[in-house]
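Visitor: Since the structure of chain C is already known, use the hints to place chain A on it.
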Amino acid sequence: MLEEVNIALSQISCKIGDKKHNLNKMKEQIKQAKKNGANLIIFPELALTGYTLKDLVYESAEPIPGPSTNLLTEVAKKENIHIVFGMVEQSTKASAVLYNTAVLLSPRGFVGKYQKMYLPTHSVFEEKRYFRQGSGSPIFETDIGKLGLIICYDVFFPETVRLLRLKGAQLILCVSASPAVRRKFFEVLTVARAIENTVFLAYVNLVGIEDGLQFWGGSRLISPSGSIISQAKYDDEDLVTGKIDYTDLKRTETFVPTLRDLRPELFDSLKEQAETL
Amino acid sequence: MITLELKDSILKLDLPSVEAKIKRFIKDYVGKCGAKGVVLGVSGGVDSCTTAALAALSLGGDNVLGLMLPEEETFNATDIQHARSVAKKFAFNLETIDISPTLRACVNSLPVYDKNDKLSKGNLKARIRMIYLYYYANRLQRIVCGSSDKSETMMGYFTKWGDAAADITPLMDLYKTQVRQLALHIGLPPEIATKPSTPALWPGHLAEEELGVKYETLDLVLYGLEHFMATEEIAHQLNVSTRLVEEIKRRWQIMEHKRRLPLTTKLGYRTIGTDFRLPYTAY
Numbered sequence: 001m002l003e004e005v006n007i008a009l010s011q012i013s014c015k016i017g018d019k020k021h022n023l024n025k026m027k028e029q030i031k032q033a034k035k036n037g038a039n040l041i042i043f044p045e046l047a048l049t050g051y052t053l054k055d056l057v058y059e060s061a062e063p064i065p066g067p068s069t070n071l072l073t074e075v076a077k078k079e080n081i082h083i084v085f086g087m088v089e090q091s092t093k094a095s096a097v098l099y100n101t102a103v104l105l106s107p108r109g110f111v112g113k114y115q116k117m118y119l120p121t122h123s124v125f126e127e128k129r130y131f132r133q134g135s136g137s138p139i140f141e142t143d144i145g146k147l148g149l150i151i152c153y154d155v156f157f158p159e160t161v162r163l164l165r166l167k168g169a170q171l172i173l174c175v176s177a178s179p180a181v182r183r184k185f186f187e188v189l190t191v192a193r194a195i196e197n198t199v200f201l202a203y204v205n206l207v208g209i210e211d212g213l214q215f216w217g218g219s220r221l222i223s224p225s226g227s228i229i230s231q232a233k234y235d236d237e238d239l240v241t242g243k244i245d246y247t248d249l250k251r252t253e254t255f256v257p258t259l260r261d262l263r264p265e266l267f268d269s270l271k272e273q274a275e276t277l
Numbered sequence: 001m002i003t004l005e006l007k008d009s010i011l012k013l014d015l016p017s018v019e020a021k022i023k024r025f026i027k028d029y030v031g032k033c034g035a036k037g038v039v040l041g042v043s044g045g046v047d048s049c050t051t052a053a054l055a056a057l058s059l060g061g062d063n064v065l066g067l068m069l070p071e072e073e074t075f076n077a078t079d080i081q082h083a084r085s086v087a088k089k090f091a092f093n094l095e096t097i098d099i100s101p102t103l104r105a106c107v108n109s110l111p112v113y114d115k116n117d118k119l120s121k122g123n124l125k126a127r128i129r130m131i132y133l134y135y136y137a138n139r140l141q142r143i144v145c146g147s148s149d150k151s152e153t154m155m156g157y158f159t160k161w162g163d164a165a166a167d168i169t170p171l172m173d174l175y176k177t178q179v180r181q182l183a184l185h186i187g188l189p190p191e192i193a194t195k196p197s198t199p200a201l202w203p204g205h206l207a208e209e210e211l212g213v214k215y216e217t218l219d220l221v222l223y224g225l226e227h228f229m230a231t232e233e234i235a236h237q238l239n240v241s242t243r244l245v246e247e248i249k250r251r252w253q254i255m256e257h258k259r260r261l262p263l264t265t266k267l268g269y270r271t272i273g274t275d276f277r278l279p280y281t282a283y
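From first to last, the protein sequence lines are chains C and A. Numbered according to our numbering, the first sequence terminates at residue 277, and the numbering increases by one at each position without gaps. Numbered according to our numbering, the second sequence terminates at residue 283, and the numbering increases by one at each position without gaps.
Next up, chain C with everything else stripped away, as it sits in the complex (with noise of 0.2 Å):
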């Protein structure tokens, strides 16, 4: 495993519902991002699609494995490259039946999905009437490291990314598609969620205007100690390329050992208020 990763952010604007389009920006970017020379490219949720798809969304549906899967898994492979974009997963079984899906790719081929848990429904956001919620936070072990991955709104709740560090994540790779007027809670909490769990984050976000929702950008790699790695423009397509090194984990988790001061007692207390909330 590398010690030593170099991350892209690649922070696209799509067009929705035009997978080709989408789908041919984000080789160009690959391949850019290789020349950066980055093991690890991330683009922003729903990347492949866009974000507001509304009743488009059924029609812009593929299963996973599927057709674009398999045509980045090749392109992972050829480019010898990891890749992380956001798509609509149909289920198998029911062809109605979508999750909001952040997809891996390595270049020895597919290696796993995390389907969004936290599916937002309320203001501007009508997540539920679409997706089914997702049930796992699982990581998975490559040569880049152990990577969790996480979805915009997920990263309002802590115990998501809580759950993936305990699992052994060194590495958090959060996919989202923000509007400007959430920006600053997001800049909070990408932030807090890193420093608490003393964890890399990687948090990549859209740009571009859909139905009158202007995403703002503002990508980040962010170090366990908080610290901003490298950051992506606000509102305007950018691919910064950041490095981390997992040496420094063990620093930061002595400095601030937030993981060996947990109180696991309080995590039973935790689940019996929240479920007579």
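What you were told as hints is all true, and nothing was included just to trick you.
Some chain C residues judged to face chain A by a derived CB distance under 10 Å, without partners named:
hint : residue
1    : LYS15
2    : ILE16
3    : GLY17
4    : THR52
5    : LEU53
6    : ASP55
7    : LEU56
8    : GLU126
9    : ALA180
10   : GLY208
11   : GLY212
12   : GLN214
13   : ASP235
Think of the hints as simulated: they come from the structure by calculation, not from any bench. We treat Cβ as the ideally placed atom computed from N, Cα and C, and that holds for glycine.
Guide: Positioned in the frame of chain C, the structure of chain A alone reads:
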């Protein structure tokens, strides 16, 4: 219920950010439509002058055509002069067409026309202006950019299918007093940014007189309603009568029909206006 402190500062904007977002929005939508620019009705008031100026800053003045569409009853030389000064400063094209002959032709062809019904005649003026704007937009392969603000849209203070008819309305999420802030920020002269608002549907028609409340107060009431505050709490904080706040709330709610597509009854699988849901710009 949520309690906020209703004071003027709550309506203060991050003006550079708002300006950038609106300009980006206009440019993005015009580009996605494949339109060659925008056509706007420019009355010389703060909303239309601000919208036209932002459109020009976003698209370049050559891609913005303002139409001044006065008529003889409400002709106001100061408004015309204001519109011209803004067009000059922000370098967009401006044309003037007197709609009086069209209005007279309409009036003369209406068997039920009643000269004492000034509201129906006023709405007719707004709808005639809409016809001109869309004709120009069709001819020039442009879209119509509206200038409605949040205060008048929430209050339903506009003519249905008239002045609110547009393809985009960049200011519709800003209250009137916020539009005034933005107008000053982008360089509109104070005499335009702060002048009393008028729909100009009849002579001497002033918005605040007709609405029965100053925009400074109205905007805070609407802000409170937007944030789910109780009418009693809003009235208490603003030191106005609960009856006034309740009347504003009532008006906001009963005007929903002016802000939506026409209502139908559900008969099919997916129904326009309810569960037939598509993005504005796909593919």
